[in-house]
Amino acid sequence: AQSVTQLDSQVPVFEEAPVELRCNYSSSVSVYLFWYVQYPNQGLQLLLKYLSGSTLVKGINGFEAEFNKSQTSFHLRKPSVHISDTAEYFCAVTWDSNYQLIWGAGTKLIIKP
Amino acid sequence: ETGVTQSPTHLIKTRGQQVTLRCSSQSGHNTVSWYQQALGQGPQFIFQYYREEENGRGNFPPRFSGLQFPNYSSELNVNALELDDSALYLCASSLIAGGPGIGELFFGEGSRLTVL
Numbered sequence: 001a002q003s004v005t006q007l008d009s010q011v012p013v014f015e016e017a018p019v020e021l022r023c024n025y026s027s028s029v030s031v032y033l034f035w036y037v038q039y040p041n042q043g044l045q046l047l048l049k050y051l052s053g054s055t056l057v058k059g060i061n062g063f064e065a066e067f068n069k070s071q072t073s074f075h076l077r078k079p080s081v082h083i084s085d086t087a088e089y090f091c092a093v094t095w096d097s098n099y100q101l102i103w104g105a106g107t108k109l110i111i112k113p
Numbered sequence: 001e002t003g004v005t006q007s008p009t010h011l012i013k014t015r016g017q018q019v020t021l022r023c024s025s026q027s028g029h030n031t032v033s034w035y036q037q038a039l040g041q042g043p044q045f046i047f048q049y050y051r052e053e054e055n056g057r058g059n060f061p062p063r064f065s066g067l068q069f070p071n072y073s074s075e076l077n078v079n080a081l082e083l084d085d086s087a088l089y090l091c092a093s094s095l096i097a098g099g100p101g102i103g104e105l106f107f108g109e110g111s112r113l114t115v116l
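In order, the protein sequences belong to chains A and B. If you use our numbering, the first sequence corresponds to residues 1 to 113, in order. If you use our numbering, the second sequence corresponds to residues 1 to 116, in order.
It is possible that some hints are incorrect.
[Unchecked claim] Think about it this way: if two alpha-carbon atoms lie no more than 20 Å apart in a straight line, the pair counts; the simulated EDC-like pairs of lysine to aspartate or glutamate are: (1) A:Lys-69 / A:Glu-15; (2) A:Lys-112 / A:Asp-85; (3) A:Lys-108 / B:Glu-109; (4) A:Lys-58 / B:Glu-104; (5) A:Lys-49 / A:Glu-16; (6) A:Lys-58 / A:Glu-20; (7) A:Lys-49 / A:Glu-15; (8) A:Lys-49 / B:Glu-104; (9) A:Lys-112 / A:Asp-8.
Hint data in this document are derived by calculation from the structure and do not stem from the laboratory. Note that this is a predicted model, so its numbers are computed, not measured.
Model the full structure from these sequences, guided by the hints.
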């Protein structure tokens with residue numbers, strides 16, 4: 001069965017420091033990969049997605065992610081975080097055209113002033 | 001353009017009761033997906049509706065059912081509620097042109113169901 005693992009449930013980081021949120025997936029077929037963000041008391045918002053082409057994907061709010069097929073990873077990075085980035089981040093994968101997303105358990109990004 | 005709206009935002013039910021959750025999709029979208037998000041977990045896919053027909057279903061029992069209307073709004077119905085059904089239920093709409101495929105999902109803020 002397909003699965004997504006987000007290795008860290010929480011990541012504390014100082015403001016203006018870089019951050020990496022890790023995501024690994026298990027799949028033997030081609031996949032489409034997504035990162036979503038959930039701010040407190042809000043719905044999920046798409047940060048970025050990888051469908052094909054360049055393995056480095058840029059998203060909104062200065063985030064980027066790199067698809068690594070050999071390591072089955074899709075880690076999310078930002079070079080300098082801000083207080084406003086405080087949220088929960090979810091990695092998701094789908095492999096079929098029916099768009100059933102399989103989600104990780106989420107990583108809470110905690111920004112320390 | 002209006003976004004995805006869900007109602008009610010919060011509700012409390014008791015075991016054995018039935019619940020209906022509603023979702024208005026974003027203007028111009030033709031597909032609605034429903035997800036269940038238990039506390040501390042990622043969302044779990046329940047099912048997707050495309051042009052008023054179920055177009056994929058996750059590992060949920062038949063007491064979870066849905067509808068999509070001609071205006072592409074949708075309902076999620078859950079019968080015989082169990083304590084484990086307590087969760088945030090998320091609706092997402094998308095535009096799939098020419099048949100099922102990859103489209104960006106736009107989420108509502110969810111309906112939080114508590115089953116006592």
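Given hint A:Glu-15 paired with A:Lys-69 - CA-CA distance at most 20 Å: Violated: A:Lys-69 and A:Glu-15 sit about 31 Å apart, past 20 Å.
Restraint check for A:Lys-58 with B:Glu-104, where alpha carbons must lie at most 20 Å apart: holds (15 Å)
A:Lys-49 paired with A:Glu-15 [C-alpha distance capped at 20 Å]: violated (25 Å)
Holds or violated: A:Lys-112 to A:Asp-8, with C-alpha atoms at most 20 Å apart: holds (17 Å)
Satisfaction of hint between B:Glu-109 and A:Lys-108, Cα-Cα up to 20 Å: Between A:Lys-108 and B:Glu-109 the Cα gap is close to 18 Å, so the pair holds against 20 Å.
Hint consistency between A:Lys-58 and A:Glu-20 [alpha-carbon to alpha-carbon, up to 20 Å]: holds (14 Å)
Distance restraint between A:Lys-112 and A:Asp-85, which requires alpha-carbon spacing of 20 Å or less: At roughly 11 Å apart (the allowed maximum being 20 Å), A:Asp-85 and A:Lys-112 satisfy the hint.
Holds or violated: A:Lys-49 to B:Glu-104, with C-alpha atoms at most 20 Å apart: holds (9 Å)
Given hint A:Glu-16 paired with A:Lys-49 - CA-CA distance at most 20 Å: Outside the cut-off at roughly 24 Å; violated.
The structure fails to meet hints 1, 5 and 7 from the earlier list, while all remaining hints are met.
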